[in-house]
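Construct the complete structure from the given sequences, taking the supplied hints into account.
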Amino acid sequence: MKLTKKLAVPLYFCALLALACNDDKTIPLGPDLVDPSQRGQRQQSSKTIVVDSTANKIANTFGTLNLWLGKFDDIESQILIRFARLNLPDTVTVVAGTLKLHGRLVKGNGAGFEATIHEVKNSWDSLKVSYQNDIFQKDFFNATPMDQQRAGSAAADSVTFKLDPAVVSAWRTKEGREKGVLIQAPTATFTKAFHSHFSTPKQPVLELITLKGGNTKNDTTRLSPTSSVFVFHRLVELRKGPIYAGLGEQHQSALSFDVTSIPPNATISRALLTLEVDTLNSVFYSSRLDLQISQPTKNFDLNPLRFEPFVSYPDSLRATAVDSVNVAINKVTFTVTTPVQQWVLDSKENFGLVLFPVSFTGRDLTRVTFYSKETNAARAPKLQIEYTLPPQ
Amino acid sequence: MNFKTWLRFGRYSLICLLALTDSSFAGSIFSRRGIGLLRYRDNVRAIGMGGAGMALGDSLSFYFFNPAAMTRVNLTRVQSDFRYERASVDLARNSSNGLLSNASVNSFGLAIPIKTGNVLALGVRPYSSTDFEFRQTTNDSAFTESLSSVGGVSELYLGFAATFGAWRVGATTDFYFGRINRIWRLDYVSDEFRNSEDIINRHFTGIGLHLGLQRQFGPWQLGTAAGLPTRLNVKNELNTLGGFTGVISKTKLKLPFWWGAGLGFAPNRRWLISADYRTQRWGAVKPEELIGDRGVDTYDLSFGGEFIPSIDALAGYFKRMSLRLGGNYQQLPYEEPAGKKVQQWTVNLGLGFPFGRGYNRIDFAVELGQRGSLADNLARENIILIHAAIIGSERWFQRPKRK
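For the protein sequence lines, the chains are Z and B, in the order given. For the first sequence, numbering that gives the first Met the number 0 begins at 0 and goes up steadily by one. For the second sequence, numbering that gives the first Met the number 0 begins at 0 and goes up steadily by one.
Everything labelled a hint here was simulated from the structure, so no lab data went into it. Backbone N, C-alpha and C define an ideal beta-carbon position, used for all residues, glycine too. Misleading hints may appear alongside valid ones.
[What the hints assert, rightly or not] Derived pair list, reagent style SDA-like, types lysine to any residue, alpha-carbon separation capped at 25 Å:
hint	chain 1	residue 1	chain 2	residue 2
1	B	Lys234	Z	Asp345
2	Z	Lys24	B	Ser95
3	Z	Lys239	Z	Phe355
4	Z	Lys330	B	Thr244
5	B	Lys234	Z	Gln40
6	Z	Lys347	B	Thr244
7	B	Lys114	B	Leu212
8	B	Lys340	Z	Pro27
9	Z	Lys381	B	Ala141
10	Z	Lys347	B	Asn194
11	B	Lys285	Z	Val33
12	B	Lys234	Z	Leu344
13	B	Lys340	Z	Val33
14	Z	Lys46	B	Asn194
15	B	Lys234	Z	Phe355
16	B	Lys234	Z	Leu388
17	Z	Lys24	B	Asp139
18	Z	Lys297	B	Gly242
19	Z	Lys24	B	Thr244
20	Z	Lys24	B	Leu212
21	Z	Lys24	B	Ser100
[To be verified] Now the stretches of chain Z that chain B is said to cover, found in silico as 3 or more residues with beta-carbon under 8 Å:
hint	segment
22	35–44
23	255–268
24	329–340
Next comes the structure, spelled out in structure tokens:
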């Protein structure tokens, strides 16, 4: 036998490869094998809120299915409706007109309320109209009502207003069609929702009786609105202190926590933000309110405390967590592991978190109240952090 | 060098690259302290004889710990060795057990005779290595915790050996480098939690020096070597899954003074017996200079022999093979809890397969033994180490003698 160079090298490496296959069996970790300092540590920390504050802004309500009319939760609601330009020749005269609203929901209690319908004298933008900027302004509408009707307390009750033919005739022009009507209920003790123009087939209906010149027989024309919104204003300011979240008033709340006691080399395993609902002071118009917690990238302005995430600072908020609250839930919990890790690392400055509502089905006047450190320190928002520290 | 020689050199370079890029591992729970298990063994031929090689010279392979041994190298030699290690671990706690094994290219060396008796050498070899993983799952199975470590300190050496009459001397500069990664990890079962992984990377750099001396008195060969104390710079970095990255500290690691002596007896060219003693003062190193662990003065006793049935180049192949037998007993460098010290013993077997007209050789060595004990230590490891080295030759810088 002779071991040649050509044979020896491949044989050598084949032997190595065969040996390189291994089948390790794990060794159980125990304190006898490893000093405690060589293992990391699991820690828990509960942080109470440092800054909580809330601010609101009346929201435009275009796009909702409900047109709320009346008073509830110290909020008075009114309805604005307008129609397309009337395509009637000058030879056609409007003899009479009615506006029918179909009832949908009721919030609050009462035997019914008187509602008045007014001619609107100014044009309005359905996407921007608000009580402060429009309704409250002088000469926005004619204070003398065209008609007054009683709105029933049953949810499905409808109401039909008579319209002034002269007012309706003015809607033939381009200027006239942008005005429409305003419906008020200043003496209401509850609030009632009517179907909006989005809520087919029960949307508001304008019925006109017309007469063509030379004819003796009336014609009937039915029209649906091109815009319908409800505008509202708060009659009594909300109590300061609680943390609010609501769609109609666009409540925003700022929540800040001091996490400087957690070392920067910590790894956040989980961070949970829990807010407790003050059910007695919450108002639910709809079955649920979806909430979002976001992390601002800029310091918030405390006076007034508002973010303008979708207007002024389009990139100032990053969505982090979404949860919802309803009448049966008294706590909401958000997982905020990522922002807390960033604060601890100092890779993102700790400007706190912003709680605000998000709408998937249109705006309503739902308002959820959370305990704050001012209203109940024991039930104030808490940030529970579980983290690990590296071995020494 | 001609083209053919360059091709061969490229082949050896590839082996060298493998050696440099492959981490060296220990596969032992006793590698969890300090910088891991120290690699006191070198030269697969010597390992076959229990590790004894301090006094010996070999025309084919060279022995790192005593650079004077390189003077016997008469052709340019390239050697690379591979190690497989398997430790069957019995833990005193709960009679539990485990198995650690790994395999890696261990070292690479190149020795170039400048002229007869004067040799330049360079190479890379492991100084220490660590490799273990411990794992446990909590009682509620909420998460699994694991601690593992891998890596080691390596030496890039550049040495020179010369002959002065009957004396052979050598000196080697050792450039220490390496990295040990210690990984602590929590793996949660629930998606609600983020896993943790903290990696402490220790980077080592430093320069050392060791010297050797050999002399032959008839059939007797004597050798001694010593390494000067060295301080390595240690940069400790932390990387966490949470995103933290940075140097957390810069410390020093002390490699203490070591010395060793060996004795060899070769009554003829077929028989050789040898014994070595080597010690290093790890007990004098403060814990802060040993990554927080307490050192223990180490000693290493090696003894063994080699038998070649025939030195006749025309004899049958099996008669030209080298047969080796030896044993080793050593004290490991770290103190276990309660002041316990850990010893290791092995019985060694070795074989040498010459090839290519006797200018090349493949050496195999197997070590069977035990590390630690259940009575004195928290664990006992039944160990098997298999070493394999391939040694090739080239004639560089030497003119063939003209007739």
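Consistency of the hints with the structure:
1. Distance hint between B:Lys234 and Z:Asp345 is fulfilled; the C-alpha atoms sit about 23 Å from each other, no more than 25 Å.
2. Using a Cα cut-off of 25 Å, the hinted pair Z:Lys24 and B:Ser95 holds, with the two alpha carbons roughly 11 Å apart.
3. A hinted pair counts as satisfied when its Cα atoms are at most 25 Å apart, and Z:Lys239 with Z:Phe355 qualifies at roughly 17 Å.
4. The hinted pair formed by Z:Lys330 and B:Thr244 fails the criterion: a straight-line CA distance of about 37 Å is larger than 25 Å.
5. Taking the CA atoms of B:Lys234 and Z:Gln40, the gap is about 23 Å. The hint holds against a cut of 25 Å.
6. For a cut-off of 25 Å, the pair hint linking Z:Lys347 to B:Thr244 stands: about 15 Å separates their Cα positions.
7. Using a Cα cut-off of 25 Å, the hinted pair B:Lys114 and B:Leu212 holds, with the two alpha carbons roughly 19 Å apart.
8. For the suggested pair B:Lys340 and Z:Pro27, the alpha carbons sit about 22 Å apart, so the restraint of at most 25 Å is met.
9. In summary, the hint linking Z:Lys381 to B:Ala141 is supported, as the alpha carbons are separated by about 24 Å, within the 25 Å threshold.
10. At most 25 Å may separate the alpha-carbon atoms for a hinted pair to count; Z:Lys347 and B:Asn194 meet this at roughly 21 Å.
11. A C-alpha spacing of about 20 Å is found between B:Lys285 and Z:Val33, which places the hinted pair at or below 25 Å, so the restraint holds.
12. At most 25 Å may separate the alpha-carbon atoms for a hinted pair to count; B:Lys234 and Z:Leu344 meet this at roughly 21 Å.
13. For a cut-off of 25 Å, the pair hint linking B:Lys340 to Z:Val33 stands: about 16 Å separates their Cα positions.
14. Of the pairs offered as hints, the one joining Z:Lys46 and B:Asn194 holds, with about 22 Å between alpha carbons and a cut-off of 25 Å not exceeded.
15. A threshold of 25 Å between alpha carbons decides the hint, and for B:Lys234 with Z:Phe355 the separation of about 47 Å lies outside it, so the pair is violated.
16. Simply put, B:Lys234 and Z:Leu388 have alpha-carbon atoms about 20 Å apart, close enough for the 25 Å limit, and the pair holds.
17. Simply put, Z:Lys24 and B:Asp139 have alpha-carbon atoms about 22 Å apart, close enough for the 25 Å limit, and the pair holds.
18. Using a Cα cut-off of 25 Å, the hinted pair Z:Lys297 and B:Gly242 holds, with the two alpha carbons roughly 22 Å apart.
19. Straight-line distance between C-alpha atoms of Z:Lys24 and B:Thr244 comes to about 32 Å, which puts the hinted pair past the 25 Å bound.
20. This hinted pair does not check out: Z:Lys24 and B:Leu212 have alpha carbons roughly 45 Å apart, beyond 25 Å.
21. Restraint check for Z:Lys24 and B:Ser100: satisfied, since their Cα atoms lie roughly 9 Å apart, inside the 25 Å limit.
22. Under a criterion of three residues with beta carbons nearer than 8 Å to beta carbons of chain B, the stated coverage of the segment 35–44 of chain Z is upheld, 5 such residues being counted.
23. Figure legend: the segment 255–268 of chain Z, annotated as covered by chain B; annotation consistent (6 residues with Cβ-Cβ distances under 8 Å, at least 3 required).
24. Judged by the Cβ-Cβ criterion of 8 Å, the segment 329–340 of chain Z is covered by chain B as claimed, because 3 of its residues qualify and three suffice.
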